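Using the hints, build the complex out of the two chains.
Read top to bottom, the protein sequences are chains S and A. Position 368 of the first sequence, counting from 1, maps to 368 under this note's numbering, and the rest follow consecutively. Position 292 of the second sequence, counting from 1, maps to 663 under this note's numbering, and the rest follow consecutively.
You may find that some hints are simply not true.
[As the list claims (entries may be wrong)] For each label pair, taking beta carbons as the anchor points, the in silico distance ranges come out as:
| id | chain 1 | residue 1 | chain 2 | residue 2 | range |
| --- | --- | --- | --- | --- | --- |
| 1 | A | 619 | S | 18 | 43 to 51 Å |
| 2 | A | 680 | S | 72 | 47 to 55 Å |
| 3 | S | 259 | A | 702 | 33 to 41 Å |
| 4 | S | 103 | A | 675 | 43 to 51 Å |
| 5 | S | 6 | A | 629 | 41 to 49 Å |
| 6 | A | 730 | S | 67 | 54 to 62 Å |
| 7 | A | 586 | S | 18 | 45 to 53 Å |
| 8 | S | 18 | A | 614 | 53 to 61 Å |
| 9 | A | 614 | S | 217 | 19 to 27 Å |
| 10 | A | 515 | S | 259 | 25 to 33 Å |
| 11 | A | 614 | S | 67 | 45 to 53 Å |
Simulated from the structure, these hints should not be mistaken for lab results. Source: prediction; values computed, not measured. Cβ coordinates follow ideal geometry from the N, Cα and C atoms, glycine included.
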Amino acid sequence: MDAVEKANLERQKRWAKDQKVGEGAYAVVYRGREFATGRKVAIKKIKVGQFKDGLDMSAIREVKYLRELRHQNVIELLDVFSSKTNLNLVLEFLDSDLEMIIKDRSLVFLPADIKSWMAMTFRGLEFCHRNFILHRDLKPNNLLVASDGHLKIADFGLARDFADPGYKMTCQVITRWYRPPELLFGSRYYGSAVDIWSVGTIFAELMLRIPYLPGESDMDQLKTIFRALGTPTEEDWPGHTKLPDYIPVGQFPKTPLRDLFTAASADALNLLNKCLIYEPRKRISAKEALFHPYFTALPYPTHPSKLPKCTTHLSARALEEVDGNVEMNSTGPGVKANNSRLKRKLSSPDEDSKARLIARRLDFTKQTPHS
Amino acid sequence: MANRAKVGGWLQGKTVRKGGVSSTNHTRPSTPQIQSTSSTVFGGGVKDASGRTSEYFSMDDQCPVCKSDRYLNPKLRLLVSSCYHKMCESCIDRLFTLGPAPCPICNKVLRKLAFTPQTFEDLGVEKEVAIRRRIAKEFNKRRDDFPDLRSYNDYLEEVEDITFNLIYEIDIAKTEARINAYRAENAALIELNVQREEAYAQALKEHEEAERREREMRAMELRREEEEEREEREKGRREIIDKLETSDKNAAKVVAKSRANALKRSSARSASTTVLQSNAKLLRSRAAQSTAIPDAPHVPLQDDWYAYEDKYDMRTGGYHDFMSEAVRKDREGIMRGGGYRVEEAWERALRSAVAALDLPPLSGLDPPAFSIDAEGDIVMASA
Numbered sequence: 001m002d003a004v005e006k007a008n009l010e011r012q013k014r015w016a017k018d019q020k021v022g023e024g025a026y027a028v029v030y031r032g033r034e035f036a037t038g039r040k041v042a043i044k045k046i047k048v049g050q051f052k053d054g055l056d057m058s059a060i061r062e063v064k065y066l067r068e069l070r071h072q073n074v075i076e077l078l079d080v081f082s083s084k085t086n087l088n089l090v091l092e093f094l095d096s097d098l099e100m101i102i103k104d105r106s107l108v109f110l111p112a113d114i115k116s117w118m119a120m121t122f123r124g125l126e127f128c129h130r131n132f133i134l135h136r137d138l139k140p141n142n143l144l145v146a147s148d149g150h151l152k153i154a155d156f157g158l159a160r161d162f163a164d165p166g167y168k169m170t171c172q173v174i175t176r177w178y179r180p181p182e183l184l185f186g187s188r189y190y191g192s193a194v195d196i197w198s199v200g201t202i203f204a205e206l207m208l209r210i211p212y213l214p215g216e217s218d219m220d221q222l223k224t225i226f227r228a229l230g231t232p233t234e235e236d237w238p239g240h241t242k243l244p245d246y247i248p249v250g251q252f253p254k255t256p257l258r259d260l261f262t263a264a265s266a267d268a269l270n271l272l273n274k275c276l277i278y279e280p281r282k283r284i285s286a287k288e289a290l291f292h293p294y295f296t297a298l299p300y301p302t303h304p305s306k307l308p309k310c311t312t313h314l315s316a317r318a319l320e321e322v323d324g325n326v327e328m329n330s331t332g333p334g335v336k337a338n339n340s341r342l343k344r345k346l347s348s349p350d351e352d353s354k355a356r357l358i359a360r361r362l363d364f365t366k367q368t369p370h371s
Numbered sequence: 372m373a374n375r376a377k378v379g380g381w382l383q384g385k386t387v388r389k390g391g392v393s394s395t396n397h398t399r400p401s402t403p404q405i406q407s408t409s410s411t412v413f414g415g416g417v418k419d420a421s422g423r424t425s426e427y428f429s430m431d432d433q434c435p436v437c438k439s440d441r442y443l444n445p446k447l448r449l450l451v452s453s454c455y456h457k458m459c460e461s462c463i464d465r466l467f468t469l470g471p472a473p474c475p476i477c478n479k480v481l482r483k484l485a486f487t488p489q490t491f492e493d494l495g496v497e498k499e500v501a502i503r504r505r506i507a508k509e510f511n512k513r514r515d516d517f518p519d520l521r522s523y524n525d526y527l528e529e530v531e532d533i534t535f536n537l538i539y540e541i542d543i544a545k546t547e548a549r550i551n552a553y554r555a556e557n558a559a560l561i562e563l564n565v566q567r568e569e570a571y572a573q574a575l576k577e578h579e580e581a582e583r584r585e586r587e588m589r590a591m592e593l594r595r596e597e598e599e600e601r602e603e604r605e606k607g608r609r610e611i612i613d614k615l616e617t618s619d620k621n622a623a624k625v626v627a628k629s630r631a632n633a634l635k636r637s638s639a640r641s642a643s644t645t646v647l648q649s650n651a652k653l654l655r656s657r658a659a660q661s662t663a664i665p666d667a668p669h670v671p672l673q674d675d676w677y678a679y680e681d682k683y684d685m686r687t688g689g690y691h692d693f694m695s696e697a698v699r700k701d702r703e704g705i706m707r708g709g710g711y712r713v714e715e716a717w718e719r720a721l722r723s724a725v726a727a728l729d730l731p732p733l734s735g736l737d738p739p740a741f742s743i744d745a746e747g748d749i750v751m752a753s754a
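Looking at chain A on its own, in the form it has when it is part of the complex (with noise of 0.2 Å):
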């Protein structure tokens, strides 16, 4: 387990680095521009997280099946074979382009695009991120999947003994086999896993996306209220030339009041920005707050006020009276541009007409709504 919690960090491709831990001096800190002399893309290989290759690279690189190296071919590239040997591009066009072919140390057969570029000086820690990675994919059970820590132990366990065979090549088949079982055993598992993995992926996304607006946002308003600051002291300062031109006052009492009023302006806005620091905060704690009064959806109208909408009906052709004889005079569109519609005007005085049409008639005792008494004040009835 603990080895396993120790390659953690290849497995998400956290350790990749650029250069080899060679002793020689001869190693560079940075990798050059990698030259390929192959028209071949040469994918795959250990990815970082941000899904790229950094290739390893040394002065003292040499191809072991050519023997040709650095000093020979400044644009030497060794490349790994899907059996962890490596040999340059050269040698793999001479030797792969007519198709699978033999490997020239151990005799496998390969095939060209099977070659990948090499990330780790160590070829055995190459094929152990690759298995592991491999394994990794499919073995993708978390701990709330069982019910207990010791079958989840047990399972760990496992895994890194399947992990192990393949990586000495112990039992081959066997170890496939049990791979196997176990992918169709877990076939559903693994993808929801895989999915919930995705997920959790997004949700960290949006996270660190939704942080950087927040902060834009806040350097934003801090350079927005500088600018403020800069422009009041500005001002202030010509107030007080302004000031000491104009009043007979002693100039010492002018500017000491000035610079009193600064003082104030300035600590009511650093007492404001304290308040903007807390702003993140006090959101997330606003989105979490309670949910007992669901917020309800949108109802666009909520009162049952009746505007006799269905005791008329506009013409479509409209009317020829004295409210559209006005728009049709005004020839230059002084009305239409201002906004005014003759509908809303037919529309009142059709509604006029038949509002009220069918209430029935007051009793006769009741006191007019409004009343004004001696000293013309207006007066109104209760309602």
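This is chain S alone, in the form it adopts within the complex (with noise of 0.2 Å):
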């Protein structure tokens, strides 16, 4: 045994595993905790074995990123060791989700909660975009929520850093319904402005407790986009229609925030539509966000230890958690195949079913004329 696997048995000592939370394609999510001192951990075993081409690209990026942000807003990566062929991760244990608390219908927000929870999510934001981090996955689901309040910005699987002009990067990032026009455009220059639109459909989820833009397929994302703020013009956002995959889908009025957010102040409002802007440069940068009148303006935000909480949770989050990294393994082309060939696979018999039925169909239009 070489002085490496020594220190790596010492390391994986110090964790207990305690009880699976939960499974997806890549990973098993364990409770665990720490033997010394008995704190609550997440423990991420990641299948290495599974992936030919080595370990999967999101858990790279995950150990990558979180190795360097330590921020009271952003999840905590305690440590990585391996065992046999797994890789796993050491995380931050926290109970629950945005997504579970907007879901959770037995809780009422006030507007000062919302604004609590805007302030941490931009306050991690701001934190990984001062080092030039993206995290390209910004949804209610990836913003966990501590025992004692504190939100955390989790699943950095899709993050990368920026600001290298001579790197195209993938445009195939975010979850559908928080992701900018500029990407559904096939943008391969982009910048932070990403995440701040990610964040803004996040707020309007939290004012609506529904999601805001919930399109059906890329190209129908783009229509509810428009159709909710507007087909942006050349004034509004100049070179859009250069963009590689620009495509024109109708000509929509611009309505204004106010009709569909009737109870929110004038601030949140006016800081939704800068956090939604159609051009990226002229987007709120984080940084400008948090020095937005919103946040100085009553109601004060709320004291993360009185924001409403789930009652429910743990098991139910891991496993969105996991399942949320499954399906948005569209990292590049290769995680992309993978992901629609899995589809597939689930779907088969339903196809299978379908193909029985033409034949069916078919025979019977045959049978006819004979009969």
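What follows is the structure in structure tokens.
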């Protein structure tokens, strides 16, 4: 046994795996604790053996960026160790996520609660952006909430560093409902503005309690966005017609946000508006957003310990997180193909029945002229 | 006191009724549009809570001055003078257009603009209500303004006394002097109580507004849910038909299975709606939640992570390097359109250049942060 293996074993001994709380295609999540202190942790076991080309991309990304980021609004990566052929990430344990809280109909949000969540989200995001890291998968599901109410950005499986003009970036990131129009138009050079759009849609979702822009496909997503915010003109967004995947999707008029967000304050709508500006370079930055009058105006943001909390949690959340990872594996073409294969396999019985149906119908039509 | 309590309703203008309680059958239950023949607009009168005056109207109306009645003049409108005598609009126009003149009934000098519409059938009531309103405006002390119940009762007694005197015109001059003395004595308190009253009315209005909004929201939610339910039912029906068409299973079994599914869904939904109904209560309880931990004002940035901002300055004109070269070469503006900012690239390069410049060198014995073990696994050194 060499020194590295010994170090790894020591590391492994620090953590106890308790019970499985969820499983996805690329990882299993366990609840665990630290032997020495009894502190609760989540252990994400990544199945390395399954992947032909080595470690899964998102695992590498997660380790790479979480190692660098330490902030009260970003999930903490406590340790990494390997066991047999698996890679284990030891993460901070967090009870619930914002999606569960939004969906829990028994909870009531005060405007100050939304303000508090938004401030924490922007703080975490600002820290990522200050370190030149794009998250690229912000959605309520990935904003975890600790038992003391602090919100933490999690799931850096799609994150990457930015501001390098030599490299194209993929546009197949961010869950569709939270994806900005420049990515839907296939832009390969983008910046921190993509995350801001996601935060804007999350902000709207917090106010509405339902997803704000739920498109059914990528095309439909553009249509949904334009229906809500109006089709951008060349003046609104110079150069968008030149983007690689640009397709005109029809003209929709601008409707004021006030029509939908009837109860929101003027400051809140102003900030939302600035997060959802079409021209990415004009979109508000995370830092500017933190200095927006919305946050300084009354009511003060709710103290984290007083924010509404989910009553049911644990296993459900961890499962969802893993599912989220699996579903959003569309980082590059390779992973994407993998994903679609997986989907097809899942729906194959259905397709079989459909094929049978067609066959029968054909038979039927054939038989009728005979009889 | 009891008397005062009884007129409380009138003071707030709640018992205003249209149409008199005249015994004749000619009285119509509702007032037709008031038709005025005069060019003067007569204001005043006893107003109800919403600030409108409901005019008294009867088919038996007759002007006591010119004896014209509703038969002779269908547009007859009787108005009340400040000495509480009725007369019709044409008489008022005739007598008072040229300036103040004596009342044809009591000889008190009247002005045209002091005539008001009639609200109550009995002019005695009309007069009492007007006087009580005037008194209530100034005699607005509350129970909490007095040290004990006795002094409060004495005060109410005095108010009642003054009101009685004014109504039955006993010692008018002396009573007016009493009112003036009271007004001078309590000017500040009167003002304060007026403000309190206004604040209370405002709060009431806001509360009503909030309740209305809540109701509206609940109704909207309900409509949305109904819509969803309908869609789901429709979907379920279609599914059954599709299944019946495609599968070889027993038809009855397929139907029963989807029925059970639908039932499960609807019960889940009804559970969620009951939750919704208690939302209003929850909201109120949350608003009243303990303020043990006060909400702190917003602090934009709460970490002290040092980004070396003071170590470099960006050149205002930009830089001529390969990064901006790529942007310049981008004639179509694809980078620009996608939101790429070359300034960020420069900033990153600059920061990387200056980062950790003044850190002391490592002692040399520390292990590297990462190492790779035999299986190719990454192992991290302890932080």
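Structure-based check of each hint:
1. A:619 - S:18: 43 to 51 Å: Between residue 619 of chain A and residue 18 of chain S, where Cβ atoms are some 46 Å apart, the hint holds.
2. A:680 - S:72: 47 to 55 Å: violated, 21 Å
3. S:259 - A:702: 33 to 41 Å: 40 Å Cβ-Cβ, so the 33 to 41 Å window holds.
4. S:103 - A:675: 43 to 51 Å: About 36 Å separates the Cβ atoms of residue 103 of chain S and residue 675 of chain A, which means 43 to 51 Å is violated.
5. S:6 - A:629: 41 to 49 Å: violated, 60 Å
6. A:730 - S:67: 54 to 62 Å: At 18 Å between Cβs, range violated.
7. A:586 - S:18: 45 to 53 Å: holds, 48 Å
8. S:18 - A:614: 53 to 61 Å: Distance hint for residue 18 of chain S, residue 614 of chain A is violated at roughly 42 Å.
9. A:614 - S:217: 19 to 27 Å: holds, 25 Å
10. A:515 - S:259: 25 to 33 Å: Violated: the Cβ-Cβ distance is about 46 Å, outside 25 to 33 Å.
11. A:614 - S:67: 45 to 53 Å: Given about 51 Å between the Cβ atoms, the range holds.
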